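From just these sequences and the hints, can you work out the full model?
So the protein sequences, as listed, match chains Y and A. The number in our numbering is simply the position in the first sequence, starting from 1, with 1 added. The number in our numbering is simply the position in the second sequence, starting from 1, with 6 added.
In case anyone wonders, no lab produced these hints; they're calculated from the structure. Everything numeric in this text was worked out from a predicted model, so none of it was measured. Note that the Cβ used here is the ideal one computed from N, Cα and C, for glycine as well. Among the hints, a few may not be true.
Stated by the list, open to error - Counterexamples of contact, computed for chain Y against chain A with all Cβ distances above 10 Å:
1. 7
2. 13
3. 20
4. 27
5. 226
6. 240
7. 280
8. 297
9. 308
10. 329
11. 350
12. 379
13. 385
14. 396
Stated by the list, open to error - Per label pair, the in silico range of CB-to-CB distance:
15. A:173 <-> Y:191: 28 to 38 Å
16. Y:210 <-> A:328: 25 to 35 Å
17. A:18 <-> Y:191: 40 to 50 Å
18. Y:260 <-> A:23: 51 to 61 Å
19. Y:241 <-> A:176: 45 to 55 Å
20. A:267 <-> Y:26: 35 to 45 Å
21. A:283 <-> Y:308: 33 to 43 Å
22. A:283 <-> Y:302: 50 to 60 Å
23. A:413 <-> Y:214: 26 to 36 Å
24. Y:302 <-> A:267: 53 to 63 Å
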Amino acid sequence: MALNTDEPLATQVRAARRPNPRIAQMKRTWYFFRRNTLGMVGLAILIMIAVVAIYGATQPLSWLSMTQYCSTNFGPLNSASGYNSTTHGGAFLKSDVYGCAAYVCTYETVLPTNYLQFCNGQWYKIPAPEGSVYPGAVAPTLNLGTFSSGPMPLGGLSTAITGAFPVFNLADGMLRGADWSLIFSVSIVGIGAMAGLIIGAIAGLWGGYVDEAIMRLVDIFLSIPVILFVIVTITVVVSVASQNASLAGPDTELSLLILAFAAVWWPFYARIVRGQVLVVREQKYVEAARASGAKNGRILFRHIIPNSMYPVFIQFSLDVGTIPLLIGGLVFLGFHIFPNDQIYFPELGTISALAVQNLSDYLVNCTLPGGGCVIPWWQLLFPGLSLFLYAISVNLLSDGLRDALDPRLRR
Amino acid sequence: MLTYILRRVALVPVIIVGVMTIVFALTSALPVQDKILAQHQPPIHAKCGTPEYCPCNLVGGNATNTSMCKNPFFWRIYNELGLNEPIPVQWGIFMYHSLTFQWGTVGNNSLLVGAAPYSYAKGIPVAGFLGGILPYTIELALVSLGIILAIAIPLGNLSAVNRNRPVDQASRVMSFSGFAIPAYLLGGLVLIGIVVLSSSFVGGIGTVATPWCHAGESIYNEFTGSWPVEGCYTGALQGSTGFPIWIANSVVTHPTGFPTIDAAYHGQYWLAVDTLLRLMLPALVIAYGSIAGLLRFVRNSMLEVMNLDYIRTARAKGVPEKVVVNRHAGRNSLNVTITVLGLTFAFFIGGFPVIEDVFGLDGVGRALALSVQPTIDFGVIFGSTLLFTYLVVAANIIVDVLYAYLDPRVRLG
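Here you go:
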């Protein structure tokens, strides 16, 4: 900084020593945030999850074919009926709690009243999921002993996740699950928030007809319930991708999936940013910048956007927590969001949804005479718990941020 | 006031047309077979009496993902429907059908019609089908909305008054935890709990004895998605599997379509009570899941109101603290709460497919859940998108008008 002879030297030295105002503000925010116990707890949990996710990302997910998995853990599986572990073909797999050895089924007929399954050379009749009550029902019991007496130390963690294909076990799935959950949620909400930020800022700055048109468009998008919009968009995306050979392949389909989710998210951000921009652009400092000859672009990027970001951060951290829950809900409904029905992207929501889905299968199997009645509660508990910790830490963090960033709430 | 309401209502057509245009744009990307179902073109199913007159996927062809169909009759209908017309004409036809509730018919190859509760729906009009089971979902929504309001408002006020004290922290953690547990997981855990606990109850394994049924009603059935067919749950209103059946079969008259009210109308009071109790558990799960948003808004608006001058004035003149909190501050903080209700409604109703699927409630959400697997029932999915959009728009209008009525400042805007 060149010395200016018009001002006393002491003033200039003080000005030079004054830290960058943005850094000062961050320090101040951190000071207030640190005093919020719940927010700090949330931050700590989130950092822990991020560490696990980063570690998980370095570990290759060991895909196991059913035969491999079962022969290492239980001895060879009787696969006389020709189960093909790579194509998934017409075969489908019914397995026991450990994902092994129960039976390999090749054919399924859905009748109005019951299912017939052709398993290991003989037909099995199991009750339909809805409708009639199977006679001779036996209540399932919660067998707490199974967890510790599993095939490995902490046996439950090594059990395969039924319904996932290719097969992976619970511990592997959870390790990689943290990784994929973070990637999914941050990229989906990030893209949505970016788009919303730009559109909202344009609406707020431009005003007039542009503002009116954009905000009506936002109203229109916000009128469609989120879960339905996601279902409809993904239905179309999957359908288009399966028609078009150039869009095939897990990577492309994954990007399309993320874009489809992001399409649902931008209107929330557009509305928030526009409201914020309307407030900020009337502030004195914007007026001062304009008076001192700043161009529109500079005003937008240096003054308006940085000062309207805080509500966006808060909404962002809230939404990031809901993505795995939403994906889990869709998977639970049996909606095939993943390409070719294959879960190459184990994700906490998906794993816990599969666990709950399997639960009802086990309960149905319990009603069969001689059926096994072990409820694999650990498959519910661990993914569920990690999902819960993730979502709640993100929520606590955003609540703490809100308190720290809003000067009116600091007192 | 009137101008404000008129201005809000004038926006409704814009929003509805916009939503339908988005839906139309999405459907037009679909392959031809699915497009016909998704754009709910009615005549094709009406003419489906003879098999060769049906679209390919209705005659058992592998047509889910093929754009070519070898059935010549299909293409004749395709032309008759105007699908060879330019896009704007197709859009016009789509709009006409959407607005006149001609949402096509329920397909016949999804789980929806393969399963018992909705098997009657095969081939019936989508709008009629959804309309018939909508009251059930609305009843669920109202019960859970009641629970949410009853908990969120007092708790929000309490935590605003005791800001950053243990009460506040506890309520915050509790509401966030509801937000963080996925509905399917909580529902599943609740049901395991009931199944396991109820084994020790009177009246057999997996059942609970109720005042109106000492032998015990099976709760276990609820998990497998069916209503009890034996035991106590038999009455004049009871069809073979549940409410939609008796709604659809017209076993008895159903003046309102709301199961509880209809049961009471027919003098079956125990059945009304039973229905309401069966709704309580899913409603509690829904309420627990979506209470966080409302609670946060109640708390924040209460905090803002508590700092205003007139509260200080009220305290200064010696009004008891209880009256200050409940009357001066509480009532004024409600304005914000009401607007938030409208916004949460969209999220709120979105949680229903999962909840209804877990608890086996035969409402619109479960129909939607069943129609996404394993083959997608395009008619039902796109029809329910329009239905829920109408509901959300209606809710928003009601909330806006209510807000304008409660807050005089809005009238100027």
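Quiz item: Do the Cβ positions of residue 413 (chain A) and residue 214 (chain Y) conform to the proposed distance bound of 26 to 36 Å?
Solution: Since residue 413 (chain A) and residue 214 (chain Y) have Cβ atoms about 27 Å apart, the given range 26 to 36 Å holds.
Exercise. Could you see if the CB distance from residue 260 (chain Y) to residue 23 (chain A) stays within 51 to 61 Å?
Key: For residue 260 (chain Y) and residue 23 (chain A) the Cβ distance comes to about 25 Å; the hint is violated.
Practice problem: With 10 Å as the threshold, tell me whether residue 329 (chain Y) passes as away from chain A on beta-carbon distances. | Solution: 5 Å, violated
Quiz item: If you check the beta carbons of residue 18 (chain A) and residue 191 (chain Y), does the distance land in 40 to 50 Å?
Solution: Taking Cβ atoms as reference, residue 18 (chain A) and residue 191 (chain Y) lie about 33 Å apart, which means the hint is violated.
Quiz prompt | Exclusion check [residue 20 (chain Y) not at the chain A interface, CB over 10 Å] | solution = Non-interface label stands for residue 20 (chain Y): nearest chain A Cβ at 29 Å, farther than 10 Å.
Quiz item: Per the hint of 35 to 45 Å, is the separation of the Cβ atoms of residue 267 (chain A) and residue 26 (chain Y) within bounds?
Solution: 57 Å, violated
Exercise. Would you check whether the claim that residue 226 (chain Y) is not at the interface survives, using Cβ distances to chain A and the 10 Å cut-off?
Key: 4 Å, violated
Quiz item: Since residue 308 (chain Y) was said not to touch the interface, does its Cβ keep a gap of more than 10 Å from each Cβ of chain A?
Solution: 21 Å, holds
Quiz item: Cβ-Cβ distance between residue 210 (chain Y) and residue 328 (chain A): within 25 to 35 Å?
Solution: 51 Å, violated
Quiz item: Non-interface claim for residue 280 (chain Y): all C-beta distances to chain A beyond 10 Å?
Solution: 15 Å, holds
Quiz prompt | Whether the CB-CB distance between residue 283 (chain A) and residue 302 (chain Y) falls inside 50 to 60 Å | solution = 58 Å, holds
Exercise. Check the non-interface label on residue 297 (chain Y): least C-beta distance to chain A beyond 10 Å or not.
Key: 28 Å, holds
Hint violations for this structure: numbers 5, 6, 10, 11, 13, 14, 16, 17, 18, 20, 21, all remaining hints satisfied.
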